[in-house]
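Just so you know, the protein sequences line up as chains A and B, in that order.
Using this note's numbering, read the first sequence as starting at 1 and increasing by one per residue.
Using this note's numbering, read the second sequence as starting at 1001 and increasing by one per residue.
Think of the hints as simulated: they come from the structure by calculation, not from any bench.
It cannot be assumed that every hint is accurate.
Chain B regions said to be covered by chain A (calculated; three or more residues, Cβ under 8 Å) [unchecked claim]:
{"hint": "1", "segment": "1154-1161"}
{"hint": "2", "segment": "1176-1186"}
What follows is a list of derived Cβ distance ranges for each label pair [stated by the list, open to error]:
{"hint": "3", "chain 1": "A", "residue 1": "D55", "chain 2": "B", "residue 2": "R1051", "range": "41 to 51 Å"}
{"hint": "4", "chain 1": "B", "residue 1": "R1023", "chain 2": "A", "residue 2": "W128", "range": "37 to 47 Å"}
{"hint": "5", "chain 1": "B", "residue 1": "L1091", "chain 2": "A", "residue 2": "V171", "range": "24 to 34 Å"}
{"hint": "6", "chain 1": "B", "residue 1": "A1205", "chain 2": "A", "residue 2": "S147", "range": "50 to 60 Å"}
Glycine included, each C-beta is placed from N, C-alpha and C at the ideal position.
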Amino acid sequence: MTTRTIHWYKYASPPNLYRLAGQLVPWFAVPSGILFIVGLYLGLFVAPTDFQQGDAYRVLFVHVPAAWMGMLLYVVLAFYAAVGWIFNARVSGMMASSLSITGAMFTCLSLVTGSLWGRPTWGTWWVWDARTTSTLILLFLYLGFISLQSAIDDSRRADRAGAVVAMVGIVNVPIIYFSVQWWNTLHQGATLRIAKETSMAGSMLAPLLTMIAACWLYSIAIVLLRLRCLIREREPMAALALAEVTK
Amino acid sequence: MKTLSQTGMLRWLVWRDLTLAWRRRSDVSGTLFFFVIVITLFPLSVSPDTRLLRSIAPGVVWVAALLASLFALGRLFAEDYADGTLEQMLLTSQPIYLIVLGKVLAQWLMCAIPLVLMAPLLGVQFGLSRYSPFVLAASLMLGTPIVLLVGSIGAALTLGLRASSTLTSLLVMPLYIPTLVFGAGAVQAVIEGDSPDPNFRLLAATLICAIVFAPWAAAAALRVSLE
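Work the whole structure out from these sequences, hints included.
Written out as structure tokens, the structure reads:
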């Protein structure tokens, strides 16, 4: 074999993707588990106590990765939804639905941890600042997507309707973000803001990066796992055909 | 067979919807009453203090307008979908974009214009002074078409589903946020003695984008729902 070309269309077929996803899941799940343990250990026990915020700042090691994943996964979701819409690929639609749950979970987690962090440092559970508010709106966008998909019984229609919502949503995300930012600067003069750190100490940066990597790997693993379930649910024939092949 | 030009089609659609609405006036006046009643509940539930009312007036009126628009969205396609007219319309050679635009325009004329005309009066009740009630009306004039255009996407997507109105609100409310911020912001600026100009410009820009893109997305959504 001199040249190897990857046949992307091969994985647009549910049985092939089902098998591929099954092979990939452990490769992402196991490192993710290890990195979670390492990252949490470094973050909770090794990283030094912050001289301003005390130990409360350690929420950051969960909060920052969660917030990143929440935003990133919406972009990925919209990408898959668009691919599914354009190429009429069933598996892209399934990918979008399987991403939506994880994205909503991370967004919710970032709101909860943010509020837990806000209590000791800002003295309040909730602040209507631009970033918090736009994260909350992002959660609403996820919930809209999820509830629309679950309200439609026909899975093809659910995929296509979800694609419209995701694409409209992604176009609106920047507009919403800027409007919220302007609204905030218009209404309140000085808001509470996280003090800008001059630079992050290496001992704090290492666990943060580890946790970010762990969250990435976790997301990929869980999304692929959910994708397998969706293929089984929607295309029982695909899973059956695979069983025939592997027998 | 006579074929309609695109402007002819638009005019016919608007005229038809307006005629239908006129023959069932109670549907349309219900939206207006809802708007007025919701706003009336605020002084009763918050406080009759004029200073406080003045500061919440833009937000209250705007949120009430958004809620009232949900009634209009519920009617936008649902009746034509139920009796099969919508399907026939999509079968014509006219672009679906145009059908959406025509229906939204008709809905705006019959549901939003009464709200816009009523708004200055409610503004006065909330203690808005001088020309700020008219700024409120102008912001609604620019903002309500955006609301209906964006909402038409949600209405088209949820066509024929159970609990479709709840679902529509869940889908489109987050998308209303920029409009709400700019619209209420314009009035707030005037109350605080600033110029409403920047907010009006942003509102107008949003309106232009909505006119260009929203009917297109709603057309795609209609195609999904009527497949």
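- Hints broken by the structure, by number, lowest first? 6
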